[in-house]
Structure formats: structure tokens, C-alpha cells
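K.L.:
As they're listed, the protein sequences go chains A and B. For the first sequence, counting from 1, position 2 maps to 2 in the numbering used here; every step adds exactly one. For the second sequence, counting from 1, position 36 maps to 1036 in the numbering used here; every step adds exactly one.
Keep in mind the hints are simulated off the structure, nothing from the lab. A few of these clues could be false.
Stated by the list, open to error - List time: in silico DMTMM-like cross-link candidates among lysine to aspartate or glutamate, alpha-carbon distance up to 25 Å:
(1) A/424 x B/1083
(2) A/170 x A/209
(3) A/2 x B/1127
(4) A/2 x B/1007
(5) A/424 x B/1007
(6) B/1019 x B/1063
(7) A/422 x B/1078
(8) B/1224 x B/1149
(9) A/424 x B/1010
(10) B/1031 x B/1225
(11) B/1141 x A/432
(12) B/1192 x B/1130
(13) B/1065 x A/427
(14) B/1060 x A/427
(15) A/2 x B/1078
(16) B/1192 x B/1149
(17) B/1031 x B/1149
(18) A/424 x B/1072
(19) B/1019 x A/427
(20) A/424 x B/1078
(21) A/422 x B/1063
(22) A/424 x B/1063
(23) A/422 x B/1010
(24) A/197 x A/209
(25) B/1065 x B/1225
(26) A/422 x B/1083
(27) B/1060 x A/180
(28) A/2 x B/1072
(29) A/424 x B/1170
(30) A/197 x A/157
(31) B/1224 x B/1204
(32) B/1012 x A/427
(33) B/1019 x A/432
(34) B/1141 x A/317
To be verified - If the Cβ cut is set under 8 Å, some of the chain B residues that face chain A in the computed set are:
(35) 1090
(36) 1093
(37) 1096
(38) 1098
(39) 1102
(40) 1112
Glycine included, every Cβ here is placed at the ideal spot set by N, Cα and C.
Take a look at the letters that make up each chain.
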Amino acid sequence: MKVGDVLSYAFGAIRLRKLRAGLTTLGVVIGIAAIVALLAISQGLQATITDQLQSGFATDTLIVSPGSGGRLLSGVRRGVSGSVSDFSLMVNDTQIINEIEDVSASAAVIQEAGYVNSGDRTVQAYVRGVDFALYSEIYGSTFVAGSGEIPLNPDVDAVVIGKRVSDPWKNGTTICSVGDVVEIVWTNTTVRPPENKTYAFTVVAVLKEVGGLSLTGPSDYAVYVPIGQAQSLFGTDECDRIIVKLASEDDATIEAVSEAIEAAFNGQVSVTSATAVLDIISSVFSTIELFLAGIAAISLLVAGVGIMNIMIVSLMERTREIGILKALGMKSRTVLAIFISEAVIIGLLGAIFGVGLGWLLANVAARVFTGGGFAAATGQAATTGSFVINPVMTPTVLLGAFGFGIAVSIIFAIYPAWRASKLKPVEALRYE
Amino acid sequence: MAAPVVETVELKKIYLLGKVPVNALRGVNLKVEKGDFVAILGPSGSGKSTLLNMIGALDKPTEGKVFINGVDVSTLNDNQLADLRRSIGFVFQFFNLIPRLNAIGNVELTLSIAGLDKNERRKRAEELLENVGLKERMKHKPAELSGGERQRVAIARALANNPSFLLMDEPTGNIDSKTAKEIMGLVKQLNKDEGVTIIMITHDQQLATQAKRIVKMLDGSIIKEIDQL
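This is chain A alone, in the form it adopts within the complex (with noise of 0.2 Å):
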């Protein structure tokens, strides 16, 4: 018999029985939708993920961070997490981290939440003390002016606003450009009771949208003074992380000077690397993804039981027409092909609509997280978020889904479609 009789065999018996095989088929629909949509959302939250760290993130820059519990986003404010050491980052460490073979350049960062007062508005920042030519060499992509300039030898009153700062809301409504005076508030809480203490500054620059999360570098949400003044405001010379520019962004540069810095501080600092980050958060990942898929496969073994079912039933029900067919001649292994062509049919079907349908899971639930997440929030519309999932489907995922999903119904086929070719003609005849 030729393979197109047998498909078209196989087909007119499944049309026989629309119902019962539209059910088997939407089980595979489930399985596949499941596995393809968990896998779309999970890709596409890793490509964003890592697309924000790295718009922030320098590859050739390793930050220094104070204490050795291995934090790896250097925590924003000390002490956040894990062990507090008595242990502390100079701004002046930069001279010992400067003579470490491969660094090109470092910059201390101080940093203290605080307010942005101008006019009658009101915005929440980071304040931050850098070094602004440093810190603009260091950062040369995204520490860059939108308006104004950054000084290399900036006034004591100088400051640099993040985009948010200046245009909280996304559209246009600036609380304060270049050449405005702003207040700083930075809240003193060493002391009893906690003091307010304001400052005025003059707005020198507002940087270029950075986007992404910009989780230690220029961030759209900060405000930028020089170093100097910075330790005298906040009366420290501590500083909460220091920047290091390396000659290569090779891995064996970062290994080698990561470990050089531990040396030098004696192993009370922690130091991260871009490419560090990335490798743990693309296994954290892999891991997530191999969880939500084979929770998705469950599905759909739970749907190749029913394909089992369905073809054992059918077995049944056809063992009569079985003994007819093999009465006309036909051989063991084309009541086989049948079978299997039965279920191939129904997991090629169920693999095509579990999919596109598993491909809108993805994208509604992208939405609907997006929507309600950070866009919530900020009173936002989804689409300006600064959150936005975009569903990944890579070859490899639309490959995997279909030929697991015809994997299984072939798999849970074969003992019955074996059954239903080794009956023998006479009993099958003889069968009511």
C-alpha cells in the first residue's frame, strides 16, 4: 500500500470519530501551548533581563564592593544583606586598585537615597558622588549628556540629573533642565533624631536616557555630584562601591584581576564582573526553564495516555475491520503504519494549533504582566513601561515542541498500533 493510501486511510478513520479525536487532540494542544508559552515568557524575561543589565553594565568593568559574603549586584545601600564587616571602602582605595596590573581606570561611587527639590516638585534619587571625568571615561556609553555638559573639573555646586529626574513622567513635563538651581535632601541618620539636610546645586547636565535597570551603572533615577563634595555633604570618606575599568574584557583579564583586588583588600571585598552576572543569571535560567518545561511535559504525557487510550479503544472497536483488511491481503506492518499514522496525524494537529496557541498564551500573559506590573505602578500605558517582556520563540523551542509533542504520540502509539498488527485474521474476523 502506498504511503499516501495509508495516510489517507488513517485520516478517514480519525474523521470517523471527530469528537472523540478532537478531544485526544486538544490534550496535545494543552501539553505543547504549555510548554511553548512557559519557554516564550521565560526566554523572553532572560532577554530582557539581560539586555537591561547589560545597557547598564559595562562588560570590561568589575565593581568592588565592600564585605566578602559574594554579593553579587553590589547592594545599594551597605549592608543591605548578609554579613556587615567592620571592614570599609575608602574613596582613596581607588590608589591601591589603580596599581593592579590591567586596570585602566577606577572611580569610588558614594551613594545615599535622597530628594530632588524643584520649584514645588518633589522627585525620589540616588545621590551619588563620582569623579566626573573618571566616571565618564569609565562609563563612555551611557555617563553622556543629553543636554548641557559634564564638566571635567566641575564647580562644588555642580550636579548631573538621570533623565528620570529631570522628566519623571515620560512626556515632556521637565521639573528641571540645565542652568536650573535644585535643592538635594539627604536625610542624616547617624544621628538622633535623623536631620534633614538640603543643599542647593546648579544643574550642569542631564544625561541621555540609559534605560534598563542600570543596577550599578548611570541610572536614568540619580543625580551625580562631584566626589569631593559628596564626602564633605555626607561627612564620609566611605565610599559604597568602586568602579574598575579593565585594559580587556577577556576572561582571563577579569579573572585575574578580580582576584588580584580580593588579594589586595585581603579578601573582605567581593568583586563582580558583568560577564559573572550574566553566566549566573543565563544557568539561574536554564534551570528555571528545564523546571517549567518539564512541568509542561507532564501535560503532555498525560496527553500521549490519552492517544494511548484513544488507539486501544479504537483497537477494539476495529479489530473487525483489522481481520477484513488482513483477509484483502494487507501486510502486519501497513496495519502498523495505520496505527501510527493515526496518531501521527493527531500530534502533528496538536502540535501545530499548541503552538500558536501556546505563541498567544505568551504574549497575552507578557502583556498582562507587564500591564499590571511596573506600568501599574507608574500610571503608566504598557507599551512605555520601562518593564517590557517580549516573548522569545527560538527554532529550537518551535522544533522541540513539535517533535516532542509527535515524539509522545508515537511512543504511546506503538503498543497498541503493535497490538492491532499482530492480530491474527481469523480471531479478528470472528470478533463481533
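Keeping the supplied structure of chain A fixed, place chain B upon it in accordance with the hints.
P.N.:
Chain B alone, transformed into the frame defined by chain A:
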């Protein structure tokens, strides 16, 4: 001289009915030559259906041999048996048509099992159905056909692959007497005009007299052979 179309030698079949062995065939020797029309006559339990299953290569004997066109059936493997069955035209008492296929589809199915392509088999199936007088009913499904019409479809299907013989099991057992006469007329005509070899199994004395030769069976043995010519 060519080998007989069918020959059985000391054919024995013992099967278990529950735990009781039943001697369905006790050494049957039968020879059917080309162009013959043999009726195997016997009451139920005489072993005629078991004999049909052996001759049709649907079942294996316990002892003895079946030769079809000189080939020892017991030497054939599963695939060769399937090929052999294609040279046998089965006509069953309960028609055994595939319900979801229409008349022409049922005939075409046999041809597609034999590997004919679509155009060839469509043409051949139309011819066959026309020959059995079903030109106008080709697109009807078995459920929409009368018993006589269904049996005609079955006969057309049996003839599709130019079989070396037709093997009929109570071909009129499930249809009214008037239609039965017509069917028998068709069968006799096939035998007479086209030289189709026919082996027919029946318990109906009247029907058996239509054949050229009657083989009477009882309790798993042939008890009498009557040549009607």
C-alpha cells in the same frame, strides 16, 4: 498439467474450546481444479468454516498441508501470506464491507492494498461495480445499500485483484431468497463465462445444487463428493 488451484492433504485442525480440544478437521483431502465450482455442504459444526479458514490462508492447520496453486502455505511467512491472500477473493456471509467507505471506496481499498495508483483503481473499480450491476449505486455507503447490493459490492471487491479463486462463506445466508437467486445467477455466470474458480461454503442443500460439484462434510471429514455434471 497445472497444479490444482487448491489442494489439501490430510488436513487436521484441533483447537481448544475453553480447555476441551475439538477435532474440527480430521484429515481432509480436497482438490479443486481451475474453473471448478465446488460447494462444501455441511451442517454447522461439520468443520466447513474451519476448512474455509485453512484454504483462505487465514489460519494454520495442526497437521497436514494446504497447497494453493502448488505452493505449500505452511512455508510462507507473514508477509508472503498477506500477498497470497490477495490472490484469494473472499466473500463473507456478513459482507464485511468497511462501513465508512462507499461502494467504490470498498472496491478501491482492495486495489490500493495491492498498490495500484489512484486513476487505475478508480477505473477498475467502476468496471467491476458495473459488472455486478451497481453502476448507479457506487457512491452509496454500505448502510444505504440492501443486503443483495452489499453482497454484490463484496463480490466486486473479491474480484478486484483477479483472484485465482473466489472463496464464499454462505454468500446468500443473510439475504432474502429472491435476491439470493440473483446473486447465485451472478456467481454462476462468473464461473461459466469468465472461468472464475469458486469454492462456496453452505449449509443450504438447495444452494449447493447450483454448483458443479458438492462436497459433503460431517464431523470434520468429507463423507461424500457428488459430481453434478
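K.L.:
Is residue 424 of chain A within 25 Å of residue 1078 of chain B, Cα to Cα?
P.N.:
Judged against 25 Å, a Cα distance of about 10 Å means the pair holds.
K.L.:
Does the structure keep residue 1019 of chain B and residue 432 of chain A at a Cα separation of 25 Å or less?
P.N.:
Holds - the C-alpha atoms of residue 432 of chain A and residue 1019 of chain B are around 22 Å apart, at most 25 Å.
K.L.:
Does the structure keep residue 422 of chain A and residue 1078 of chain B at a Cα separation of 25 Å or less?
P.N.:
holds, 10 Å
K.L.:
Does the nearest C-beta of chain A fall within a distance shorter than 8 Å of the C-beta of residue 1098 of chain B?
P.N.:
holds, 6 Å
K.L.:
For residue 1192 of chain B and residue 1130 of chain B, compute the direct alpha-carbon distance and say whether it is at most 25 Å.
P.N.:
Judged against 25 Å, a Cα distance of about 18 Å means the pair holds.
K.L.:
Given residue 1102 of chain B as an interface hint, is its Cβ closer than 8 Å to any Cβ of chain A?
P.N.:
violated, 11 Å
K.L.:
Please work out if residue 1141 of chain B and residue 317 of chain A have their alpha carbons no farther apart than 25 Å.
P.N.:
holds, 19 Å
K.L.:
Using 8 Å as the Cβ threshold, decide whether residue 1112 of chain B counts as touching chain A.
P.N.:
Since the shortest Cβ distance to chain A is 4 Å, the answer is holds.
K.L.:
Regarding the pair residue 1031 of chain B and residue 1225 of chain B, is the alpha-carbon distance no greater than 25 Å?
P.N.:
holds, 11 Å
K.L.:
Are the Cα atoms of residue 2 of chain A and residue 1127 of chain B separated by 25 Å or less?
P.N.:
Roughly 22 Å between the alpha carbons, so the hint for residue 2 of chain A and residue 1127 of chain B holds.
K.L.:
With a cut-off of 8 Å on the beta carbons, see whether residue 1090 of chain B makes it to chain A.
P.N.:
Cβ of residue 1090 of chain B sits 5 Å from chain A, so the hint holds.
K.L.:
Given the hinted pair residue 422 of chain A and residue 1063 of chain B, is their Cα-Cα distance within 25 Å?
P.N.:
Holds, because 23 Å separates the two Cα atoms, which is no more than 25 Å.
Hints 4, 8, 17, 23, 24, 27, 28, 36 and 39 from the earlier list are contradicted by this structure; the remaining hints agree with it.
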